[in-house]
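**Student:** Sequence:
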Amino acid sequence: VSLTTLSLESNYRDQNGYFTWGINGELPIEIGKLKNLQHLRINDNYLTGTLISEIGQLFLLETLHLQNNFLQGPIPEVYSNCVMLKEVLLEDNSIDSQFGMPEGICRLPELDLAKVDCSLSCTCCHGC
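Residue 496 in my numbering is what sits at position 7 of the sequence shown, and the numbering runs on without skipping anything.
Keep in mind that the hints are not guaranteed to be accurate.
[Stated by the list, open to error] Below, simulated SDA-like cross-link-like pairs (lysine to any residue); rule was C-alpha separation at most 20 Å, straight line:
hint, residue 1, residue 2
1, K575, Q527
2, K575, I512
3, K575, L492
4, K575, P598
5, K524, H554
6, K575, G616
7, K575, L597
8, K524, S499
9, K575, T493
10, K575, I520
11, K575, Q546
12, K524, T537
13, K524, T493
14, K522, V567
15, K522, L549
16, K524, E576
17, K575, L549
18, K524, S569
19, K575, H528
20, K575, C595
21, K524, F548
22, K524, L495
23, K575, Q556
Worth flagging that the hints you see were computed from the coordinates, not collected in a lab. It should be emphasised that the depicted structure is a prediction, and the values quoted were computed from it without experimental measurement.
All chains should be built: construct the whole structure from the sequences, respecting the hints.
**Tutor:** What follows is the structure, encoded as structure tokens:
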């Protein structure tokens, strides 16, 4: 059996009566070894560090939800290797405004929904 969905979004824990983010730290590069992964949802956590290029090795990936974290850019061009990608949500992170959504990602044939912060250039993104 191989993993097709990794869904770890909105992991809160109550600590001393306060809600705090549950998952923190950097994205592990080992995610790139999950070759059958179709859905990666780790949004609404406290992830830090850079957007890892190893995600570009997930050729079957359809949804990439990493919004509402503290990830930094640039957005790796190799994400355009994910030719089945339908949704890429990266808004509300710490991606430097000098970086935008790579055009290779915007040209993916299955892409239906893309979002980054309004300060980033993106020809395929929806709404601000």
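**Student:** Each hint should be assessed against the structure and marked as holding or not.
**Tutor:** Structure-based check of each hint:
no.	hint	in the structure
1	K575 with Q527	10 Å, holds
2	K575 with I512	25 Å, violated
3	K575 with L492	19 Å, holds
4	K575 with P598	8 Å, holds
5	K524 with H554	17 Å, holds
6	K575 with G616	17 Å, holds
7	K575 with L597	8 Å, holds
8	K524 with S499	24 Å, violated
9	K575 with T493	15 Å, holds
10	K575 with I520	19 Å, holds
11	K575 with Q546	16 Å, holds
12	K524 with T537	23 Å, violated
13	K524 with T493	9 Å, holds
14	K522 with V567	15 Å, holds
15	K522 with L549	12 Å, holds
16	K524 with E576	18 Å, holds
17	K575 with L549	11 Å, holds
18	K524 with S569	15 Å, holds
19	K575 with H528	10 Å, holds
20	K575 with C595	10 Å, holds
21	K524 with F548	7 Å, holds
22	K524 with L495	12 Å, holds
23	K575 with Q556	15 Å, holds
Consistency with the previously given hints fails for numbers 2, 8 and 12, ordered from lowest to highest.
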